[in-house]
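Fit chains B, C and D to the supplied structure of chain A, relying on the hints for placement.
Chains as they are written, first to last, in the UniProt record's numbering: chain A, 1 to 344; chain B, 1 to 344; chain C, 1 to 344; chain D, 1 to 344.
Each hint should be verified, as a subset may be incorrect.
The list cannot tell twin chains apart, which means a pair is met if one copy fits it or any two copies do.
Derived pair list, reagent style DMTMM-like, types lysine to aspartate or glutamate, alpha-carbon separation capped at 20 Å [as the list claims (entries may be wrong)]: (1) Lys-259 with Asp-330; (2) Lys-75 with Asp-223; (3) Lys-259 with Glu-298; (4) Lys-40 with Glu-11.
Just so you know, the hints here were simulated from the structure itself, not pulled from any lab data.
As the structure is a prediction and not an experimental result, all values here were calculated from the model.
Protein chains: 4
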Amino acid sequence: MKFSFKNDYSEGCHPNILEALIRYNLDQQAGYGEDLYSIKAKELIKEKINNQNAGIYFVSGGTQANLIVISSVLKPYQCVISASTGHILNNETGAIEATGHKILSIEKEEGKLSPSDIIPVLENHKNVPHQVMPKLVYISNSTELGTIYSKKELEDLSVFCRENSLYLFMDGARLGHALTSESNDLSLEDLTNLTDIFYLGGTKNGALIGEAIIINNQLLQEDFAFNIKQKGALLAKGRLLGIQFLELMQNNLYFDLAKHANQQAMKIKNALLKKEIPFLSDTYTNQIFPIVNHELIELLSEKFEFYIWKNIDENSSAIRLITSWNTNEDAVNDFIQIINDHLK
Amino acid sequence: MKFSFKNDYSEGCHPNILEALIRYNLDQQAGYGEDLYSIKAKELIKEKINNQNAGIYFVSGGTQANLIVISSVLKPYQCVISASTGHILNNETGAIEATGHKILSIEKEEGKLSPSDIIPVLENHKNVPHQVMPKLVYISNSTELGTIYSKKELEDLSVFCRENSLYLFMDGARLGHALTSESNDLSLEDLTNLTDIFYLGGTKNGALIGEAIIINNQLLQEDFAFNIKQKGALLAKGRLLGIQFLELMQNNLYFDLAKHANQQAMKIKNALLKKEIPFLSDTYTNQIFPIVNHELIELLSEKFEFYIWKNIDENSSAIRLITSWNTNEDAVNDFIQIINDHLK
Amino acid sequence: MKFSFKNDYSEGCHPNILEALIRYNLDQQAGYGEDLYSIKAKELIKEKINNQNAGIYFVSGGTQANLIVISSVLKPYQCVISASTGHILNNETGAIEATGHKILSIEKEEGKLSPSDIIPVLENHKNVPHQVMPKLVYISNSTELGTIYSKKELEDLSVFCRENSLYLFMDGARLGHALTSESNDLSLEDLTNLTDIFYLGGTKNGALIGEAIIINNQLLQEDFAFNIKQKGALLAKGRLLGIQFLELMQNNLYFDLAKHANQQAMKIKNALLKKEIPFLSDTYTNQIFPIVNHELIELLSEKFEFYIWKNIDENSSAIRLITSWNTNEDAVNDFIQIINDHLK
Amino acid sequence: MKFSFKNDYSEGCHPNILEALIRYNLDQQAGYGEDLYSIKAKELIKEKINNQNAGIYFVSGGTQANLIVISSVLKPYQCVISASTGHILNNETGAIEATGHKILSIEKEEGKLSPSDIIPVLENHKNVPHQVMPKLVYISNSTELGTIYSKKELEDLSVFCRENSLYLFMDGARLGHALTSESNDLSLEDLTNLTDIFYLGGTKNGALIGEAIIINNQLLQEDFAFNIKQKGALLAKGRLLGIQFLELMQNNLYFDLAKHANQQAMKIKNALLKKEIPFLSDTYTNQIFPIVNHELIELLSEKFEFYIWKNIDENSSAIRLITSWNTNEDAVNDFIQIINDHLK
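This is chain A alone, in the form it adopts within the complex:
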């Protein structure tokens, strides 16, 4: 079996979660998220973000979170603004449009949006009522390219959105990796202050399933549970989500796992930098995109699995390497060894 750097959801879940599932397994609990574990996990999250007025809702995965949030807050004629790299644009089989809403795409190679990107989109959508009304800005942190938002960048975006009556929604499928990146200066508390809605992704950070949607804007909390149910996302055994987030949120586990993933990626990155290998984007999270020659790709492919992301020229391509909460240090060392041997 080859070791895989294809993604951060190749393994099951952190052992603490399985132990907790066993521990609580036969307790009878109310269904549909009214169980004690879900209630406790939500309290814990409110503490961590320091916002007792937030609404916390658990769902199974990222596409589900995105489509429920967006279809819940927008009126039929309102639309989303996203960077062209956005997961909702490219990798969700039109899930957002299936709920009736257009996504306006802004070409951004590094995956991040700033007010100056959005201004022309607003300018070009003033022909009332012949055009959709931009109403929600969708960002990812970390982005689909592994980049992250600085506090200053997020503040600027947040101020701009409020001034322009736009909701700011952060896809946090890899939020753990963003917040534990060595270059991060954002806190959970910042996120609850600066966004209307964000979520803490569990699936890509050690849970079996699960994203915790956090609605900071109290107006958007009203009746939100109806939307979860209507979209088929309300688990009868909500305990499965509650127990997982209870474990992840205790003792900093969620952040320790993300940090581990980041560190393994940075270890590979640094080894490559020493060999003066260029990167498609300069990232500090668990996704790296080195540009390597095809010979090396072939060598690495004998022992490892990863995606070839983008052809660069005749001789080289960018590859995508993703590390996870469970990435084996030995595998990382072997991977680096092959590189060093090849490039010496």
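Showing chains B, C and D alone in chain A's frame:
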């Protein structure tokens, strides 16, 4: 803590499932249902239903299964026919309508449909193009009232649907309980022959989450996976579903669990029948609806939780008791004891 | 050619409208309802209803008006309450459900709703978040059966809706006929006070196309035009709607036309009553539903077209007769003559 | 009053249409498009396109035609490909997305698509089932920029679409102008052979309202009328559409009107070319986009209305001039005079 007869999803899952989750936990597997466990579980199901041409798809829950199946097979102007008791009509927050399709309701107190129920609906929908076109018949087995279809009944319905170009779709959230009922004469093989689509419910029969959708009509299999993804139902860690169905389908576990649930309900039923207690409907699965006096309800409520289903008269109400794969025999005995003490 | 009593849209339009279309034909005007005729027609309507704060919007037909209004005011999980006779339930090919919303049907043979009909529906929809939330009460005036609301009835309904946070929406496809019925005591001003939204139907009362939607509830006016455009209902040559309503609203034409239709229907009704013919419902508008023997139906069918509405028994059926703004008095007299000859 | 070159729907309709409306006004006819005029008009269109197997359907306007066609032929996970200039992308308030379908945009300044534009889009949408499936190619003729397709270009596109199982749908809101352009070599018969669906736009070519949708692909005709009704587009008095198309299709009126519009635009174009004025795109239909200095724009604006389309530099902008079936030759001459005086 009171013991609960409120539903069959109060506990976690069968211990075999947890053991399997632990056993396979750190294996790296492909995402999105391409893992080996999902592949094996699907093969196992095809064997059990004796239909190698079936398409098998795992999703998380019943509402999700219903909305994906229905929105996938219908054209925009086509609609569903359901008994008035149908889960899709009453308990899914308009999930089907949210995908654009009307449900025509047929008043049926016992929850089952026959050709004679459907004929007048077809007769009343011939004003083309001013009315929706009935195209899919939705039935549940066991029904929301615990009743089940006989082989003869399902055959009649199946023949009628084929003659009238209607799809026949069976909600099998509690299919295990139906097929292991003492009055059942249907087999899995019958279901694959007689329906276009049905599903094997895991959530209410010992899984944490999970329903296995089985598409027998090959025309309806085309591109079905797109719909799963678009509705946010494709789990990144599809292994969670695969591992569970692998365990449930091995060694008859799925049916043993359902049988246990049924037996506990029948035990209570028989005790009540001895006391000449009437029932709202005559069921042989894990749901029973005895009509008892309010004094007894109060007594039982001191130690047990259950739903009061329907007020009958000044003195009595129907209650709903649901047993599960994990219902404790001691609890059942205690419950019967209270009844016997009260009614002696 | 047989004379038709099948409906009130068999002819073109009132000649005044054609004259106005000719008169203004070559004036260049702004598109999409910004033309001077539309602006004037809206002002005229505001005067007639004595409500300067109403929002007036023209669309082409009833189904279009219904689907735009309903999809515009409801959130995804909210639903409509309608009498079982409602046009939106039976004759619009699932147009409302196609926008994502369920319609709850209340069995009412005469087509009218009262608070006591709605109370049990609200009672049965309290299982949050597992059920749709009733939010809009849809009524028709006159109803699909020709009956009308009294001022007292509408006041009761209006008070009830406001107390229960329900929107009250009146389908006015045949509102002219309701307001000019001999048994009517409602005024346009009452309607603007008692409903959130209603519309003045033009198509069935002398226009080529056109319904004037009147939104009294100012919160529901916001951005309404976006919905009209998105549903394909914003005519480039909005003047076609503006000119028609300008004519219809001048000199009481709209009401004169409806009154004429009603009078012709009442003439037939009275002739039948004299012969002690029973009716399916006791109506005072342009729709009547006499129950006549099959021999007479055959006789009448030789010279007239009409719908056989409902079989009553071996010998008789209810027929539906609809008169229009243009129903010929001679035809009415001929029709009565055949009846009198047959029943003498 | 200034003369307007803002669009081709500023006036009412061709007088022949008004005369026909008067002539047939009081005939009683069946509703919902079953009237004799609609039937005859459809026969006439089938003759003109020389395709007796085409399905012909009348609707009111372009957005309506687009949304009904697209939502009717696509499955939920299928999407549209359009040039970035497409009307459905920019000017229909998200009407297509509101029916659940994504539109993939291809950046094309001149508004036309070729196979080489589409190939990379197909290449980039192979990640089944995580991405939408491209299924329909939407083109406009003439385009939103006044350009047209040659026979060779349309043949190439048609062959490509058939080889790739893509539907080819032509928005013909300005089809008359395309087919009567001096540079056109396409016939109506070519269109019925080369596209799956196209429409003949009436609204922008002398009708009050009305587009004639022509479905050549017989598989796509099935039950199409249901979709028209469900979207609120089936007029009770379908005669209004039938009578108009009957007039337009007789004696070549439709094409004569478009030709007149084109000629007026070409007259202005040639006058500008003589003065060596550049154009944004080289068009031969009723839309021209000359780039003129701001001083001239101001002068022209004193007597004429038109849109300033795009700022070019400090001194000049492209303006959009649209001529219509009714554009006054005197106005055109006055307009040219101002230009000649200014640029002499």
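Consistency of the hints with the structure:
no. : hint                 : verdict
1   : Lys-259 with Asp-330 : within (17 Å within a copy, 48 Å between copies)
2   : Lys-75 with Asp-223  : both (15 Å within a copy, 10 Å between copies)
3   : Lys-259 with Glu-298 : neither (29 Å within a copy, 54 Å between copies)
4   : Lys-40 with Glu-11   : between (26 Å within a copy, 18 Å between copies)
Going down the numbered hints, you'll see the structure goes against just number 3.
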